[in-house]
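Whenever a hint applies, use it, and build me the whole structure from the sequences.
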Amino acid sequence: MSQAAEVATPVASLSLVSRHDEAALRDALASFPSGVTIVTTTDSDGRWWGFTASSFCSVSMDPPLVLVCLATSAECHAAFAVAEEWVIQVIHPDHVEVAGRFATRGADKFGGGFQPGPHGLPVLDEAIVTLHCRSHQRHLAGDHTILVGEVLSAEADLAREPAVYFRRGFHRLP
Numbered sequence: 012m013s014q015a016a017e018v019a020t021p022v023a024s025l026s027l028v029s030r031h032d033e034a035a036l037r038d039a040l041a042s043f044p045s046g047v048t049i050v051t052t053t054d055s056d057g058r059w060w061g062f063t064a065s066s067f068c069s070v071s072m073d074p075p076l077v078l079v080c081l082a083t084s085a086e087c088h089a090a091f092a093v094a095e096e097w098v099i100q101v102i103h104p105d106h107v108e109v110a111g112r113f114a115t116r117g118a119d120k121f122g123g124g125f126q127p128g129p130h131g132l133p134v135l136d137e138a139i140v141t142l143h144c145r146s147h148q149r150h151l152a153g154d155h156t157i158l159v160g161e162v163l164s165a166e167a168d169l170a171r172e173p174a175v176y177f178r179r180g181f182h183r184l185p
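Take the sequence shown: its position 53, counting from 1, is numbered 64 in the working numbering, and each next residue is one higher.
Think of the hints as simulated: they come from the structure by calculation, not from any bench. Cβ atoms here follow ideal geometry from the backbone N, Cα and C, with glycine treated the same way. Don't take every hint at face value.
To be verified - Computed Cβ-Cβ distance ranges for the label pairs, DEER-style:
1) Leu40 <-> Ala118: 36 to 44 Å
2) Ala118 <-> Arg183: 20 to 28 Å
3) Asp168 <-> Ser71: 22 to 30 Å
4) Glu33 <-> Asp168: 33 to 41 Å
5) Asp32 <-> Glu137: 37 to 45 Å
If you want it as structure tokens, here you go:
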């Protein structure tokens, strides 16, 4: 058997098992550590909206593009589906309570810790990274929408460490 065939066989098997076993897939995906972001925007009435996302990554440096994924069932989905701009904020472990609020349906998400930024969008006080983005593309992918944003401005506090989400819990870097 060729080396390529040996590598391909386990991947195909995992794919078939994962489709039928959502719990196994969730456990597998939860084993990948990720940073934690809070993504915020406003609607046409000026109301603030936001969600917690660990599905965040860089897409391109030229043009500067990033993405986050948002569940189509999220309360804020309609606002982000038409938002021209939004802010992605990487959180510090001290912001874990805020991240929990933003991940909870019906919670008072903006109950403290946010101020209007220079463009009127809600910005988290003392975020480690703040990326002001303009909507570039939206892609429906299964039960999520992939929001691709062009980064208009970026700020980073390099002296602070981010929160990490791993196996369904928040952690500090060692």
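Hint by hint, which ones does this structure get wrong, listed from lowest number up?
-> Hint 1 alone not satisfied by this model.
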